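**Q** Listed in order, the protein sequences are those of chains D and U.
Going by our numbering, the first residue of the first sequence is number 3, and it counts up by one from there.
Going by our numbering, the first residue of the second sequence is number 3, and it counts up by one from there.
No lab work stands behind these hints: they were computed from the structure.
These numbers come from a predicted model, not from an experiment.
Zero decoy hints are in this set.
Because identical chains share one entry, a pair is satisfied inside a single copy or across any pair of copies.
In silico lysine to any residue, SDA-like type, Cα no more than 25 Å apart, as pairs: (1) Lys164 <-> Gln118; (2) Lys171 <-> Gln130; (3) Lys164 <-> Pro119; (4) Lys110 <-> Phe89; (5) Lys6 <-> Gly40; (6) Lys62 <-> Ser90; (7) Lys116 <-> Asp161; (8) Lys49 <-> Ala32; (9) Lys110 <-> Ala160; (10) Lys110 <-> Asp161.
Protein chains: 2
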Amino acid sequence: MTEKQQNILQAAGELFATEGYYATATSKVAKKAGVSEGLIFKHFGNKAGLLDAILQDGEKRIKLAYAFVIMQTDPKEVLRKTIELPFSISAEEYEFWKLQYKLKWELKEQPQDKMQPLYFSLEEAFSQLGYEDPATEADFLIQLIEGFGAALLKGQFADPDKIKALTLKKYGL
Amino acid sequence: MTEKQQNILQAAGELFATEGYYATATSKVAKKAGVSEGLIFKHFGNKAGLLDAILQDGEKRIKLAYAFVIMQTDPKEVLRKTIELPFSISAEEYEFWKLQYKLKWELKEQPQDKMQPLYFSLEEAFSQLGYEDPATEADFLIQLIEGFGAALLKGQFADPDKIKALTLKKYGL
DNA sequence: TCATAGTGAGTGATTACTCACTTTATAATC
DNA sequence: GATTATAAAGTGAGTAATCACTCACTATGA
Numbered sequence: 003m004t005e006k007q008q009n010i011l012q013a014a015g016e017l018f019a020t021e022g023y024y025a026t027a028t029s030k031v032a033k034k035a036g037v038s039e040g041l042i043f044k045h046f047g048n049k050a051g052l053l054d055a056i057l058q059d060g061e062k063r064i065k066l067a068y069a070f071v072i073m074q075t076d077p078k079e080v081l082r083k084t085i086e087l088p089f090s091i092s093a094e095e096y097e098f099w100k101l102q103y104k105l106k107w108e109l110k111e112q113p114q115d116k117m118q119p120l121y122f123s124l125e126e127a128f129s130q131l132g133y134e135d136p137a138t139e140a141d142f143l144i145q146l147i148e149g150f151g152a153a154l155l156k157g158q159f160a161d162p163d164k165i166k167a168l169t170l171k172k173y174g175l
Numbered sequence: 003m004t005e006k007q008q009n010i011l012q013a014a015g016e017l018f019a020t021e022g023y024y025a026t027a028t029s030k031v032a033k034k035a036g037v038s039e040g041l042i043f044k045h046f047g048n049k050a051g052l053l054d055a056i057l058q059d060g061e062k063r064i065k066l067a068y069a070f071v072i073m074q075t076d077p078k079e080v081l082r083k084t085i086e087l088p089f090s091i092s093a094e095e096y097e098f099w100k101l102q103y104k105l106k107w108e109l110k111e112q113p114q115d116k117m118q119p120l121y122f123s124l125e126e127a128f129s130q131l132g133y134e135d136p137a138t139e140a141d142f143l144i145q146l147i148e149g150f151g152a153a154l155l156k157g158q159f160a161d162p163d164k165i166k167a168l169t170l171k172k173y174g175l
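Please build the complete structure, drawing on both the sequences and the hints.
**A** Structural data, given as structure tokens:
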């Protein structure tokens with residue numbers, strides 16, 4: 003991976019996240035990355051290939067974020083870390099997650115569900131904690147934190163800390 | 003409002019909801035609506051004007067949906083109706099809501115927050131029910147049902163009824 | 001010396017939008 | 001009630017700009 007290749011990935015990631023995939027012209031990606039437009043197609047084949055490369059890179063980062071949750075042994079810690087997940091998005095990860103959320107609505111074929119491993123981990127945790135319906139509880143919590151992630155990225159929360167505290171409290175944490 | 007004008011609105015709504023706003027060409031809207039492309043610009047000025055018309059129409063429908071919740075006097079009914087909201091989206095409203103959600107991510111300037119009246123209603127309900135922090139509870143629940151709406155529209159729930167039942171149970175309903 | 005990295009002008013297709021024009025509906029006048 | 005006037009509805013070919021993408025070419029490093 004050359005430096006210019008990384009510049010393209012970086013520029014495309016930012017533009018796709020802010021402007022959207024369809025609304026971003028490859029000419030603008032090239033300009034922002036400081037390369038010729040032709041180079042994009044030499045390296046990534048076409049615009050979709052460029053998106054794929056970004057998505058593949060993203061999948062690694064997402065799996066890493068979830069791995070930290072899944073590796074917890076204490077079921078209560080699994081819940082705690084899951085809930086804390088959307089609230090701990092750092093400034094430099096912000097655009098990356100915005101892109102992930104955005105693409106879920108923009109693309110026709112959904113990039114495969116990266117939540118699957120987390121789901122199993124949560125189901126197990128709820129089961130151990132004696133919840134009545136662990137499967138539905140896992141579904142519920144995943145959707146809750148997905149909603150929180152969306153709200154945070156769109157800046158819809160007046161006070162994120164209060165929401166986080168309330169959520170933890172609701173799960174007795 | 004002529005028949006052709008309504009056809010344009012209908013066709014654009016469907017295409018924007020499935021393909022996205024930027025990815026939909028006005029020529030395709032015209033073709034689907036069975037009118038000349040020029041007519042779109044005669045009636046709506048430009049593509050953004052067409053979107054505005056759809057959005058304005060949508061705002062009425064959204065306010066109507068919320069009004070039914072807000073008019074409830076019993077605080078428990080306010081919560082129940084709020085929770086039931088995303089699960090009661092009918093087939094013909096499906097595309098409309100999909101468009102609303104999609105545009106939240108696609109557009110730079112957010113169409114004003116239509117949840118505001120619901121927020122006040124929820125805050126009041128939680129207050130009456132003796133919840134400790136009604137404002138945060140309202141924020142929490144709104145984000146929960148927004149997340150549920152998104153999940154339902156993307157078909158991410160294995161069993162929506164179970165999620166609904168669990169949610170109602172969590173609020174003692 | 002040879003493969004890979006990188007360029008930039010050029011391609012046809014498609015984009016949002018315009019405009020001179022025709023058709024249709026409404027209503028006023030004879 | 002037929003005729004006429006007029007505004008609005010509707011058309012479709014045309015436009016400049018932009019789109020994703022190509023290709024003949026040069027630069028560079030092993």
